[in-house]
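Visitor: One-letter residues, chain by chain:
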Amino acid sequence: TLKLIYTTATVQRKNVGASGPEKYTEAFIKKQIEEFNLGKRHLANMMGEDPETFTQEDIDRAIAYLFPSGLFDKQARPMMKHPTQIFPEQRKIQWGEDGRPFHFLFYTGKQSYYALMHETYEKLLDVQKNQDQLTAQDLPPQKEKRNLAGSRWLTKIELEEMLLEKLSDDDYSRFIQLLQKLVTLPCCDITEKYIQKFSKEVPAQLQKVVIEPLKYDEQGVAFSTGEGTRKTARATAVVYDNGTGKITVNGIDVLHYFPVLQDREQLLFPFQFLDRVGKHDMVCTVSGGGRSAQAGAIRLASAKALRSFVTEKEVEFMRQAGLLTYDPRVKERKKPGQEGARRKFTWKKR
Amino acid sequence: LCRLTQVRWSRYNPSFLEPEVNKELYQKPWEELSEEEKEKLELKAVQPIKAAPPTVSSSVFSDPMISKFTNMMMKDGNKVLARSLMAQTLEAIKRKQLEKYHKAPEDEKETIECNPYVIFHQALKNCQPIIGLSSITKGGKTYQVPVPLKDNRKRFLAMKWLITECRENKNRRMLMPEKLSQELLQAFNNEGPIIKKKHVLHKMAEANRAYAHFRWW
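So the protein lines, in turn, are chains A and B. In this text, residue positions in the first sequence follow the working numbering: the first is 1, and each later residue adds one. In this text, residue positions in the second sequence follow the working numbering: the first is 1, and each later residue adds one.
Any given hint might turn out to be false.
Listed next, the in silico DMTMM-like pairs over lysine to aspartate or glutamate satisfying Cα-Cα at most 25 Å (straight line) [claimed, not checked]:
1) B:K96 x B:D107
2) B:K79 x A:E332
3) B:K44 x A:E332
Not everything, but these chain A residues come out facing chain B in the computed CB check (under 8 Å) [claimed, not checked]:
4) V202
5) D241
6) G243
7) G245
Which chain B residues stay away from chain A? Per the calculated CB distances, all over 12 Å, these [unchecked claim]:
8) S15
9) S59
10) S62
11) K75
12) Y143
13) F156
14) E165
15) M204
Worth flagging that the hints you see were computed from the coordinates, not collected in a lab. All residues carry an ideal CB built from backbone N, CA and C; glycine is no exception.
Work the whole structure out from these sequences, hints included.
Guide: Put into structure tokens, the structure is as follows:
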């Protein structure tokens, strides 16, 4: 099952669409839309612009000019938006005047979800029938695989907004499993359009990091610098070319500064990964943190410095080995009512 | 009140993937990879990746099983001590095997295994139970039902038995590395108390075979 572990602000948004019966009637919303359009034209006249080509950005600028507000929260400032953006979409009443519901799955409780599942399964059966027909006619089955790398499925919250209905985690994971099964079969055009409704493009590639070019010091030896942090430790490393593999930390030799084998292994990790153990010299400065944090910080700094010496492919390999990512793990805070971050006080029956 | 903040959370976004430290996988040329691996690589190129933990390194000396065992042996977060004990154990194994090697006649010399890592892995494999027992309550009574174990659970049980055995059943003066190396060599030859414990568990599972149908997974 897909469990939401990393919580963001999106979780706190209430699903108003599925909460209860209609709070705003259709007539009310229509009136609001008319008032909005009229107000837009008045505003355009006031600002001296053309009412026909007055866009939403112009409206925002005009309101910010006419009603300046110093409030910190942007949501609390005066705004003028189209009613569909202010009043969230809600489900209309699902039954007619005689009390009979419109949808045939109304009494299941989650009508739109089950309708969606039925539709998706129908598409699956269609695709299988198509495949069988092709094999019956002795034609080779189409093998076009969608590029999964650039797209992601809709999240549970987005799906809830689309269906205007509350979903449980289990329901959502079942739907995603069905979609994945559909994708693995050789798809035809019809199903492509259907699947595109439920997938989103992942935004542009991971930020392209600019690799700095090598610098040359007085003797003509190439060197490059890198910075790294881990927990509270800050480190800067300067990696020199044509070296013997000597490492100096804060002016002290590495054997004296890091008596523990694990830390020295971490320092040598980037060099060992690129097979350049005895070829570079390193001089680093580090402050803050503890023994292991300082070692991790220097490791990150040296990996960043080594990027300038190495081809792009190897930089990608380093990234996939986890050498170039900043480690976000920090000590979890102690909570009130508990002894530590997770440990609770001893439970006493009386 | 439904919980919005989960208890088991991590500082990383769930889209982050685990890092792959093994150097050999990266040195394979593009043509030799199978289709699945090519797809995996393409996916990995777009997704962000977590940082490698400080216990893991790409050198020949870092072994995931050995680091797991060291962590289990560690007390109160004293990793330095646990690592040194592990190193002393491997050294002790090597010394004992070398003694045996030099004393053995010519034809037996090839059968004696001197690599402590190989001995460690083989000993752990020999200690792993195949089925385990799980207590299931049915109709008020709790039955011990034989159940197939997952790989992780097998490895964990083998390591746990080794460590508890070494901590409890030793003479007053014997140090941990010596006792551990003794147990590992015995397990490598399929003898010793841990192998006995594994056989006892298997026999119990065979005895409770009648309740095997209570399992629903």
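Visitor: Work down the list of hints and note, for each, if the structure agrees.
Guide: Results for each hint:
With a CA separation close to 19 Å, the supplied pair K96 (chain B) and D107 (chain B) stays within the 25 Å bound. About 20 Å separates the Cα atoms of K79 (chain B) and E332 (chain A), which keeps this hinted pair within 25 Å; it holds. For the given pair, K44 (chain B) sits about 29 Å from E332 (chain A) by alpha-carbon distance, which is inconsistent with the 25 Å threshold. Interface hint status for V202 (chain A): upheld, as the beta-carbon distance to the closest one in chain B is roughly 7 Å, under 8 Å.
Residue-level restraint check for D241 (chain A) is violated (minimum Cβ-Cβ distance to chain B is 22 Å; threshold 8 Å). Below 8 Å, beta-carbon pairs count as interface contacts, and G243 (chain A) has none with chain B, the closest being about 19 Å; its hint is therefore violated. This hint is violated: G245 (chain A) has a C-beta 14 Å from the nearest C-beta of chain B, more than the 8 Å allowed. Distance to chain A contradicts S15 (chain B) as a non-interface residue, since its nearest Cβ pair spans about 8 Å, not more than 12 Å.
Against the 12 Å criterion, S59 (chain B) falls within the reach of chain A, whose nearest CB is about 5 Å from its own CB. Not every beta carbon of chain A lies more than 12 Å from that of S62 (chain B), the smallest distance being close to 7 Å; the non-interface claim is violated. For K75 (chain B), the requirement that its beta carbon stay farther than 12 Å from each beta carbon of chain A is met, with the minimum near 17 Å. No beta-carbon of chain A is positioned within 12 Å of the beta-carbon of Y143 (chain B); the least distance is around 29 Å.
No beta-carbon of chain A comes within 12 Å of the beta-carbon of F156 (chain B); the shortest separation is about 21 Å. Against chain A, the non-interface label of E165 (chain B) holds: every CB pair exceeds 12 Å, the least being about 27 Å. At roughly 33 Å from the closest C-beta of chain A, the C-beta of M204 (chain B) stays outside 12 Å, upholding its exclusion from the interface.
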